Amino acid sequence: MINIILKNIIRFVLFIFIQIFIVRHIDLGTYFTPQYYIIFLLLLPFETPDWLLIILGFICGYTVDIFNYTPGLNASACVFAAFVRPRILKLIAPRDGYENGMFPEISHMGFLWFTYYSSIIIFLHHCWFFTLEIFRFTNVIQILLKTFASGICTLILVIISQALAYKPLNKR
Amino acid sequence: MRNLRNFLIKYYFFFLFLFLQLISLSILVSNNNFHQNKFLKSSGNITGYVLEKKNNIEQYFLLKKINEDLIKENEYLKNKLIENYYPEDTSLVPIYDTLKKQQYYYIAAKVISNTVNTQDNYLTLNKGSIAGIKPDMGIIWNEAIVGFIKDVSEHYSTAISVLNKNFVLSVKLKSTNDHGLIKWEGKDKTIVSLTGITADVPVKVGDTVITRGASARFPEGKLVGIVSEIKQNPGSMYHIINVKLFTNFSSVYNVYVIDNRYAEEQLKLEEKLNSPE
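Sequence lines, in order, name chains A and B.
Start counting the first sequence at 1; every next residue gets the next number (our numbering).
Start counting the second sequence at 1001; every next residue gets the next number (our numbering).
It is worth saying that the hints were derived from the structure and are not from the lab.
Some clues are possibly wrong.
[What the hints assert, rightly or not] Going by beta-carbon spacing under 10 Å, a handful of chain B positions derived as facing chain A:
(1) L1016
(2) F1017
(3) S1026
(4) V1029
(5) Y1049
(6) E1052
(7) S1113
(8) V1116
(9) Y1122
(10) N1126
(11) S1129
(12) I1130
Here the structure is a predicted model, which means the values were calculated and not measured.
Where is the CB? At the ideal position from N, CA and C, for every residue including glycine.
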């Protein structure tokens, strides 16, 4: 238990550090702005209570906001992502439900399941994010383009970082 | 009462969601009002400190580029020195001129953090109120405009960059002196749109656009960009002009903050026009 908490605190710092100091400076034009830090919410254990999840989402988004000069924008999108996560998990649960000791990671759940799961949450998060960001332009095409372009970037980054940390499980 | 409690417990997740959403959205909305910004903590000391440390590391990789920029700027400034000019008329003797008083003072600062990819881009500078920086001062980089100061703390300040919806500046064409407004459309970080130039003005692709000196933030003649595209809207009195910015926002580093000593006087006078008597 303590292990899991410690692991997630380290992840929180690490992912936000990567977002602020590396990913934000990837410069592929205005349409590609990956929001990589969302991986923190994706990787939280299945058993995380709902209230904790949503509060962690808020803290995570707000921390990025402070460094990104976007007051409330990331916080709002993250709270939304944390809100939909339990529902998405229920929707795409395997037939026997989630076993104890499983984590939503590639090494536990397989590549296909993870891609499916993270792409849904990433696209919902990005859609909310860019709708709020571009709000005043009432430019739907731009919102959709940005959502898809940045969403794909984020997804690729998330999968790469999962693949780097891939540890095959010892099947009993 | 018990029913209400049960209802709240049953749907607590949804209410928590609404509550946190409300907090973040109210932060978002209240900070769009860009003069009462309490949020931008980048000028706060902790984030400023972290950003500066990160910047110290980053700058080692850019030293060559920064040196080249500074050399270019030195070259430009050296060419303006008075001793480089040969006196044509020998009857004139230089005298200390008390008729002129310096209006614009420049404060050197470094950009320790900036964004280019969001709809509202900001910069963080490593100088603050102790160095004499105040809100609303303009910022230039190699004689080209960068933005203006928004908030200051003791050692840091945040600034609105040209690539921000809240940035509007009065500019003019160098060749004809016709003036218009520039504004960023939020798409390309090198292009701003110039409006207000009437269709009868002979504007060409490649014309230089400079500041007009109308706002108290920038003196006249600071570089803005080059006309890159002219579109004619049928039936409209105005050209639709795209201007390619001189400033490369991904690599701004050594900048100067412009302290206009007469800004207050100008603004106070202009305020009288707007306030009904």
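Exercise. Where does the structure disagree with the numbered hints, that is, which hint numbers, in rising order?
Worked result: Hints 5, 6, 10, 11, 12 are the ones this structure does not satisfy, whereas the remaining hints hold.
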